[in-house]
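Knowing the structure of chain L, use the given hints to seat chain W on it.
Line by line, the protein sequences are chains L and W. For what it's worth, numbering that gives the first Met the number 0 labels the leading residue of the first sequence as 0, then goes sequentially. For what it's worth, numbering that gives the first Met the number 0 labels the leading residue of the second sequence as 0, then goes sequentially.
Simulated from the structure, these hints should not be mistaken for laboratory data. Where hints are given, some of them may not hold.
[Unchecked claim] Lysine to aspartate or glutamate pairs mimicking DMTMM-like chemistry, simulated, CA-CA at most 20 Å apart:
| id | chain 1 | residue 1 | chain 2 | residue 2 |
| --- | --- | --- | --- | --- |
| 1 | L | Lys3 | W | Asp67 |
| 2 | L | Lys3 | W | Glu8 |
| 3 | L | Lys15 | L | Asp5 |
| 4 | W | Lys18 | L | Glu77 |
| 5 | W | Lys3 | L | Glu70 |
| 6 | L | Lys3 | W | Asp82 |
| 7 | L | Lys7 | W | Glu77 |
| 8 | W | Lys19 | W | Asp5 |
| 9 | W | Lys7 | L | Glu77 |
| 10 | L | Lys3 | W | Asp5 |
| 11 | W | Lys7 | L | Asp82 |
| 12 | L | Lys3 | W | Glu60 |
| 13 | W | Lys3 | L | Glu77 |
| 14 | W | Lys3 | L | Asp82 |
| 15 | L | Lys66 | W | Asp82 |
| 16 | W | Lys3 | L | Glu8 |
| 17 | L | Lys18 | W | Glu77 |
| 18 | W | Lys3 | L | Glu58 |
Okay, here's what each chain looks like letter by letter:
Protein chains: 2
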Amino acid sequence: MMNKTDLKETRVFAEKAMKKFLIHDSAWFRIINFNLPAGVTFPVHSHELEGQLSIQVLEGEGFFLGKDNAEIPAAQGEILVCDIIEPHGVRATTDMRILVTIAPPI
Amino acid sequence: MMNKTDLKETRVFAEKAMKKFLIHDSAWFRIINFNLPAGVTFPVHSHELEGQLSIQVLEGEGFFLGKDNAEIPAAQGEILVCDIIEPHGVRATTDMRILVTIAPPI
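Just chain L, with the same shape it has in the complex:
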C-alpha cells in the first residue's frame, strides 16, 4: 500500500477550537494534523505508555508546552520530539497547524 495525503486539503480551522484530522493510523504509528486558531491551547497531557511522538509546526507560531509550565517557542519548520509519558501540549499565538506522529500509536 502507498497512501498519499495532501495536507493542504486539511487546512481547515474551527472557530475558537482545535480541529483534528487523522492522516494515518497503523500498528506502527499514528499521524494527526491539528489546526489551532490563534489563542487556542492544546492542553498539556501525557500517557503512561512507552514510545515517543514528534510535533512539527507546519504553519504559524506559538509554544510547545511541557511540565512545570515550561514554554518552548514553536515556529513553522520546527519539530519537537518527546516521550509519550512526558507532559506535552501546544499553545497557538497565530493560527497554527501541527503534524503529530506517535510511535507506537496510543
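Then chain W, alone, in the frame of chain L:
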C-alpha cells in the same frame, strides 16, 4: 527529554547529490531530512522488515517512486505512507526537501 530541531537550519543542498540530516533516532522512530537538488533521484529501495515510513514533502516537487516504475506526483504539503518492505524512492523535479519518519527505525 524534549528535543527541538529547526528544519530551516538543515536547508542545505549539495551539488548534484542528496544531502541527509538525521533529526532524531530512538528505539521508536528515526526522523531524517533529505534535501535533493533538482534532477536528483533517491533510488527505489526496500528492506525486509516490518514497519512503515512516511515521506513528507517540505519544499519543492517531484515524484514518489514505487515498484514497477510507478511515479506518484509529489508536491509541497503532501505526505506518503508505505510499508518498509515496499519499494519506495523519490525523484526531484525542483530542489526538494523531504522529511522521512521510519517506525520502527531500521
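Quick one: which hint numbers does this structure break? Sort them smallest to largest.
Structure breaks hints 2, 3, 10, 11, 15, 16.
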